[in-house]
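Colleague: Sequences are here, hints too, so could you generate the full structure?
Number of protein chains: 2
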Amino acid sequence: MTRKTYRLGMEATLAVISGKWKPQLLCHLSNGPQRTCDLRVALPEISQKVLTQQLRELMGDGIVSRQVYGERAPFKVVYTLTETGRSLGLVLVQMSVWGECHVAALRASGKQDVAVRDDHTGFDRLLNTPEDAH
Amino acid sequence: MTRKTYRLGMEATLAVISGKWKPQLLCHLSNGPQRTCDLRVALPEISQKVLTQQLRELMGDGIVSRQVYGERAPFKVVYTLTETGRSLGLVLVQMSVWGECHVAALRASGKQDVAVRDDHTGFDRLLNTPEDAH
DNA sequence: CAGCATCCCTTATGATACTG
DNA sequence: CAGTATCATAAGGGATGCTG
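Taken in sequence, the protein lines are chains A and B. Each residue of the first sequence is one higher than the one before, counting from 0 in numbering that gives the first Met the number 0. Each residue of the second sequence is one higher than the one before, counting from 0 in numbering that gives the first Met the number 0.
Derived by calculation from the structure, the hints in this document are not laboratory data. Do not rely on the hints blindly, as some may be mistaken.
All copies of an identical chain are treated as equivalent in the list; a pair is satisfied when it fits inside any one copy or across any two copies.
[What the hints assert, rightly or not] Pairs of lysine to aspartate or glutamate, EDC-like flavour, derived with a Cα cap of 20 angstroms:
hint	residue 1	residue 2
1	Lys-110	Asp-60
2	Lys-48	Glu-82
3	Lys-21	Glu-56
4	Lys-110	Glu-82
5	Lys-21	Asp-37
Modeller: Quick look at the structure:
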């Protein structure tokens, strides 16, 4: 087994959260466990292949877990953020806040025409301890 | 001019800091202004083309500035983190700390064979105000 | 319902040679 | 010394059809 060596810790974090749809997946999973079909509704533009792919990567990194209900097809599959996944909360919120400020500044300066649709409160539930969430 | 719309603020942040060599570039630039040749020494494996490319992207996002000294070749070119670039400090440190913890956990669990070479203190200088740095 | 396999395209990154 | 231009390759993502 060959060892993967990152130069900086933040590269390891980037490896976990970067991917075209991972931020949105993490955002929706922060609201609680989600079925596959829930995620497809939340992210209408993702392809089936990439959805499965990115969820597998998050599983490999210990960020989400997968539970299967039912003996035979059709199955019910539920994805849940692990405790490790929830521990990303502060990082995700801070990245979101910085990104929002940066986009506002870029637009104000006229350097780039950019916008952000949703605000960082999408991750707020991760900032509470699991016991607080009920 | 077509508008780029991010769904989440963190996607805007990822757009700025993701790139194979950007974390390391930001880390070295956090120690102060750097000449092109300094960066090439610090990142021996980056190609000339990609070095220029990633620096241009950081400039386009207002993260670094570029100063040219000299009337004709050979020039002296210096890259410096802007105030916006320095404002990334907290985000970069937190991402690094989380990544280090995560890598340690992955290794302890035997799930992946990973390691991080440098620790998050590489970004520590960004946590001070510019006036404090002298 | 959830997922796999295949083929295709776009993007990111790399190697090399050349210029002011 | 710094940078451009060109060509080549790798990685990420998307479209479609099929399966238990």
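Colleague: Please go over all the hints and tell whether each is borne out by the structure.
Modeller: These are the hints, each one checked on the structure:
1. Lys-110 x Asp-60: Between. Shortest inter-copy distance 8 angstroms satisfies the 20 angstroms Cα cut-off; intra-copy 37 angstroms does not.
2. Lys-48 x Glu-82: For Lys-48 and Glu-82, the Cα distance exceeds 20 angstroms both inside one copy (26 angstroms) and across copies (41 angstroms).
3. Lys-21 x Glu-56: Within one copy only: 10 angstroms inside a chain, 23 angstroms across chains, cut-off 20 angstroms.
4. Lys-110 x Glu-82: Cα proximity of Lys-110 and Glu-82: across copies only (16 angstroms, versus 40 angstroms in one copy).
5. Lys-21 x Asp-37: within (15 angstroms within a copy, 35 angstroms between copies)
Checked against the numbered hints above, the structure breaks only hint 2 and satisfies the rest.
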